[in-house]
Amino acid sequence: METINDTLHIERSAPQSRSFSEPFWNATKDKKLVVQYDTEVGKYQWLPRATSRFTGKASKLEWREVAGEGEVYSFTIVRRARPPFRGEEPFFIAVVELPEGVQIMGNTKGITKDEMKIGLKVKPYWHELPDGYHMLMWQKA
Amino acid sequence: MAMRDTAIVAYAETKIVVKGDKDVWALGAEVLEDLLNKTGMEKGEIDGLLLSSAQTGAGNPFWAQATSDQLALEVDFCNIVDIGGSSPLGALARAAIAIDAGLCTTVFCLFADTQGRENNTRPRHYQAEWTVPLGLLGPPTSFGFITNRYEHQFGLDYSMLGKLAVAQRNGAVLNDLACEKLRVPIGVEDYLNSRMIADPIRLLDSVMVCDGASGVLITSKKNAEKKGFTKVVTPIGYGEKTSYEFSENIVDVTNTGHKPAGERALKQAGLTAQDIGSFHPYDDFIIAMMLQMEMIGFCKKGQGCDFIRERDFNFNGDLPLNTGGGQISAGQAGLAGGGTNLVEAVRQLMGEAGARQVKNTSSAMVTGIGGIPYARNWNTSTVMVLTPNG
Chain A
1 METINDTLHI ERSAPQSRSF SEPFWNATKD KKLVVQYDTE VGKYQWLPRA
51 TSRFTGKASK LEWREVAGEG EVYSFTIVRR ARPPFRGEEP FFIAVVELPE
101 GVQIMGNTKG ITKDEMKIGL KVKPYWHELP DGYHMLMWQK A
Chain B
1 MAMRDTAIVA YAETKIVVKG DKDVWALGAE VLEDLLNKTG MEKGEIDGLL
51 LSSAQTGAGN PFWAQATSDQ LALEVDFCNI VDIGGSSPLG ALARAAIAID
101 AGLCTTVFCL FADTQGRENN TRPRHYQAEW TVPLGLLGPP TSFGFITNRY
151 EHQFGLDYSM LGKLAVAQRN GAVLNDLACE KLRVPIGVED YLNSRMIADP
201 IRLLDSVMVC DGASGVLITS KKNAEKKGFT KVVTPIGYGE KTSYEFSENI
251 VDVTNTGHKP AGERALKQAG LTAQDIGSFH PYDDFIIAMM LQMEMIGFCK
301 KGQGCDFIRE RDFNFNGDLP LNTGGGQISA GQAGLAGGGT NLVEAVRQLM
351 GEAGARQVKN TSSAMVTGIG GIPYARNWNT STVMVLTPNG
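Line by line, the protein sequences give chains A and B. The opening position of the first sequence corresponds to residue 1 in the numbering used here, with each subsequent residue numbered one higher. The opening position of the second sequence corresponds to residue 1 in the numbering used here, with each subsequent residue numbered one higher.
Check each hint, because a few of them may be wrong.
Said to hold, decoys possible - When the alpha-carbon atoms are kept at most 20 Å apart in a straight line, the in silico EDC-like pairs for lysine to aspartate or glutamate are as follows:
| hint | chain 1 | residue 1 | chain 2 | residue 2 |
| --- | --- | --- | --- | --- |
| 1 | A | LYS117 | B | ASP5 |
| 2 | A | LYS140 | A | GLU2 |
| 3 | A | LYS109 | B | ASP199 |
| 4 | A | LYS113 | A | GLU2 |
| 5 | A | LYS57 | B | GLU248 |
| 6 | A | LYS117 | B | ASP199 |
| 7 | A | LYS31 | B | ASP5 |
| 8 | A | LYS113 | B | ASP199 |
| 9 | A | LYS113 | B | ASP5 |
| 10 | B | LYS222 | B | ASP5 |
| 11 | A | LYS32 | B | GLU129 |
If you are wondering where the hints come from, they were derived from the structure by calculation, not from laboratory data.
Throw the hints in and build the complete structure from the sequences for me.
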């Protein structure tokens, strides 16, 4: 069966964070997944934003830790990529839905072509980045 | 309805090429000169300039002004529309509005981009932080998600997507202005066997990045009559939706903003999808056209493949589709690519499409798609209905 690469040995730079995404990246140093939560409407949101996706306000957002166990909403096999990913194809990008109601994209570790399907249960795999940060990837739960 | 008081009096289009050697302003000037020659109008009669956004112009916050200067156009209304691939249709709609509001009388709508030759895009958005580090190539990856999800929810007969690809390619073969590399007939097997880019998106699902320009001259109906134009095309309905359902956390990616945009456009036009003479949907990927057929009401949601199986999409078929090849088979002139399908619709309604002329010129529908957001389908959806001599 065709092997799908896990992209682990590709050299990635430290995150290019913005003022409003720094708390997420800082939490990855401890391999913790934190997600923005809008206290006014009582909902989580992804990805990190300067404002609430629900109300457009900037004032009612806080960060909450979540377990990160979810299931695949959809996925693709990337077969053509730009450097530094070129030559490392094929690899997965999965959109994963968490019970908190957010969808987070990520590469995968150790998931085979046979195993990958919509609905597959997954959990975080934290891949090391420079400066102590980690990147969120997905592995089988 | 105010838009009905305007008239497109001419269209023009350059050859679409892969990485051309002409400057984007030279292409714009080519379109303008052609429009003036066709109409016999003087440059000084143009008092409005509406541009669609351009990847060549991105990063220059003075792009509309600079283009007005380069084209030697002194105007009373000057604007760029930046709703991605929806921009050409959006620019035409805004031109009609400006004319109706009395801000100007005759507008040059220019759709020019030379993304292959000079791409100056530096988006301040999520990509550098959230998708580039995943090796996400951009649109093909996003459409890979959408397609897999569609198949999961409804099932998908890929040969039906191939049928759309073949019909468009047949159009490109008959279109001298289409990118030469793409003017080779294909069959459904060629589509199915073309290599995967981002499963299940194939090479022949996808647009090829090209350079090119197109444009139209639109004026008030009163002025068109005064000038004696007998062959005109009028926008009779327009709908536009940006950030559709973006305030929802979990959406169905097979739903798009074309549902509300289509409803609005058809209601204004007083027509149903079944009345449309030829359909010119925005085609960055083949499946986008099927989703639009479902959203706009050509068929029911989830039944796109059955609908495609029953219809003939060639210029002489019962629902002519992107008869010049669309962007997928004529080449995508960057963010100006939406102009290619728009100009083709105008050409058809004027009865000037020659070997690929459609029979039913009572109306045409053109659509737009703009922007690829994170884990969604697209940012902006537009739908316009046009009629000849409306």
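Okay, the hints, checked on the actual structure:
For the hint linking LYS117/A to ASP5/B, the alpha-carbon distance of about 53 Å lies beyond 20 Å, and the restraint is violated. At most 20 Å may separate the alpha-carbon atoms for a hinted pair to count; LYS140/A and GLU2/A meet this at roughly 18 Å. Note on LYS109/A and ASP199/B: the hinted pairing holds, with a Cα-Cα distance of about 18 Å set against a maximum of 20 Å. Under the criterion of a C-alpha separation no larger than 20 Å, the hint pairing LYS113/A with GLU2/A is consistent with the structure, at around 7 Å.
For the given pair, LYS57/A sits about 15 Å from GLU248/B by alpha-carbon distance, which is consistent with the 20 Å threshold. Distance check on the hinted pair: LYS117/A and ASP199/B sit about 13 Å apart at the alpha-carbon level, within 20 Å; holds. Of the pairs offered as hints, the one joining LYS31/A and ASP5/B is violated, with about 61 Å between alpha carbons and a cut-off of 20 Å exceeded. The hinted pair formed by LYS113/A and ASP199/B meets the criterion: a straight-line CA distance of about 12 Å does not exceed 20 Å.
The suggested pairing of LYS113/A with ASP5/B is violated, with an alpha-carbon distance near 57 Å, which exceeds 20 Å. Restraint check for LYS222/B and ASP5/B: the C-alpha separation of about 8 Å stays at or below 20 Å, so the hint holds. Simply put, LYS32/A and GLU129/B have alpha-carbon atoms about 18 Å apart, close enough for the 20 Å limit, and the pair holds.
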